[in-house]
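Produce the entire structure from the sequences given, and follow the hints as far as they go.
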Amino acid sequence: MIAKTPDNATQPAACRVRIALFGVTKDIVGQSEISRTLPQPATVAALLDDLKAAYPRLSGLSSLAVAVNNDYADAAYCLRENDEIALIPPVSGG
Amino acid sequence: MIVLTDQPIAVADVIAAVQSDRAGAVDVFIGVVRNRSQSKNVVRLEYEAYEAMALRKLRELAAEAKMRWPVEEVAIVHRKGVLQVGEVAVVVAVSTPHRKEAFEACQYLIDTLKEVVPIWKKEVYEDGETWIAAHA
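These protein sequences, in sequence, are chains Y and Z.
Here my numbering is used: the first residue of the first sequence is 68, the next is one more, and so on.
Here my numbering is used: the first residue of the second sequence is 399, the next is one more, and so on.
Careful: at least some of the hints might be erroneous.
Said to hold, decoys possible - Mimicking DSBU-like on lysine-lysine, the simulated pairs with C-alpha atoms at most 35 Å apart in a straight line are: (1) Y:K93 x Y:K119; (2) Z:K478 x Y:K93; (3) Z:K464 x Z:K512; (4) Z:K478 x Z:K512; (5) Z:K478 x Y:K119; (6) Z:K478 x Z:K464; (7) Z:K478 x Z:K520; (8) Z:K498 x Y:K93; (9) Z:K438 x Z:K464; (10) Z:K464 x Y:K119; (11) Z:K520 x Z:K438; (12) Z:K438 x Y:K119; (13) Z:K498 x Z:K464; (14) Z:K464 x Z:K520; (15) Y:K93 x Z:K512; (16) Z:K438 x Z:K512; (17) Z:K498 x Y:K119; (18) Z:K478 x Z:K438; (19) Z:K520 x Y:K119.
Said to hold, decoys possible - Examples of chain Y residues lying across from chain Z (beta carbon under 10 Å, computed): (20) F89; (21) G97; (22) I101; (23) S126; (24) A142; (25) E148; (26) P156.
These aren't lab readings, by the way, just hints derived from the structure by calculation.
Virtual Cβ for every residue (Gly too), placed ideally from N, Cα, C.
Set out below in structure tokens:
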């Protein structure tokens with residue numbers, strides 16, 4: 068008899084990510100870094116949806132990008148646990 | 399010279415950094431803290447940078463300018479932290495053989511910096527403060 072695989076072993080593992088916050092996003096969240104656990108596929112789009120649900124004021128920003136490993140990431144990019152992730156609200160340097 | 403600093407910017411040093419015997423033109427943009435914004439009196443600015451990414455994006459901009467124009471040297475120095483009215487917030491210097499490319503490359507660099515480099519400016523007024531969304 069073959070041992071039954073637990074149901075949850077067939078599920079993709081969740082992805083726990085840490086996100087650095089700057090500018091207005093730091094004020095909205097109230098911290099300079101947060102952790103979130105996302106179901107797979109943990110895309111950039113899924114992270115944004117998760118954060119906007121948890122912190123509705125993020126939805127009021129005119130733009131909100133995600134940086135992964137120091138570059139802007141596409142919505143479809145799948146986040147990994149060791150990625151360096153940051154929220155990028157509208158920039159205003161210069 | 400690509401630098402983020404919490405110290406006052408020595409503009410002459412930034413200009414000297416782009417000196418080249420092949421360059422007949424040096425164009426310099428100096429961004430300064432002004433005292434009025436959004437119909438309010440500005441008391442000070444506070445700049446925050448995502449430093450590692452900001453430096454990476456600034457280096458990319460400098461490389462892009464060198465691909466698009468015959469640029470000899472680029473220097474970009476941006477302040478972080480608290481700035482008072484009248485202080486220099488950013489200096490962009492570009493050297494090229496002739497002036498037309500120097501103007502164009504310098505404008506490209508400051509315009510694109512304001513669009514893509516992760517630096518944020520909070521304006522502090524007499525009666526409040528706000529994070530600026532330059533590209534709202």
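Status of each hint after checking the structure:
{"no.": "1", "hint": "Y:K93 x Y:K119", "result": "holds, 13 Å"}
{"no.": "2", "hint": "Z:K478 x Y:K93", "result": "holds, 17 Å"}
{"no.": "3", "hint": "Z:K464 x Z:K512", "result": "holds, 19 Å"}
{"no.": "4", "hint": "Z:K478 x Z:K512", "result": "holds, 14 Å"}
{"no.": "5", "hint": "Z:K478 x Y:K119", "result": "holds, 28 Å"}
{"no.": "6", "hint": "Z:K478 x Z:K464", "result": "holds, 26 Å"}
{"no.": "7", "hint": "Z:K478 x Z:K520", "result": "holds, 11 Å"}
{"no.": "8", "hint": "Z:K498 x Y:K93", "result": "violated, 42 Å"}
{"no.": "9", "hint": "Z:K438 x Z:K464", "result": "violated, 39 Å"}
{"no.": "10", "hint": "Z:K464 x Y:K119", "result": "violated, 39 Å"}
{"no.": "11", "hint": "Z:K520 x Z:K438", "result": "holds, 13 Å"}
{"no.": "12", "hint": "Z:K438 x Y:K119", "result": "holds, 31 Å"}
{"no.": "13", "hint": "Z:K498 x Z:K464", "result": "holds, 14 Å"}
{"no.": "14", "hint": "Z:K464 x Z:K520", "result": "holds, 31 Å"}
{"no.": "15", "hint": "Y:K93 x Z:K512", "result": "holds, 20 Å"}
{"no.": "16", "hint": "Z:K438 x Z:K512", "result": "holds, 22 Å"}
{"no.": "17", "hint": "Z:K498 x Y:K119", "result": "violated, 46 Å"}
{"no.": "18", "hint": "Z:K478 x Z:K438", "result": "holds, 22 Å"}
{"no.": "19", "hint": "Z:K520 x Y:K119", "result": "holds, 22 Å"}
{"no.": "20", "hint": "F89", "result": "holds, 5 Å"}
{"no.": "21", "hint": "G97", "result": "violated, 14 Å"}
{"no.": "22", "hint": "I101", "result": "violated, 15 Å"}
{"no.": "23", "hint": "S126", "result": "violated, 14 Å"}
{"no.": "24", "hint": "A142", "result": "violated, 17 Å"}
{"no.": "25", "hint": "E148", "result": "violated, 19 Å"}
{"no.": "26", "hint": "P156", "result": "holds, 7 Å"}
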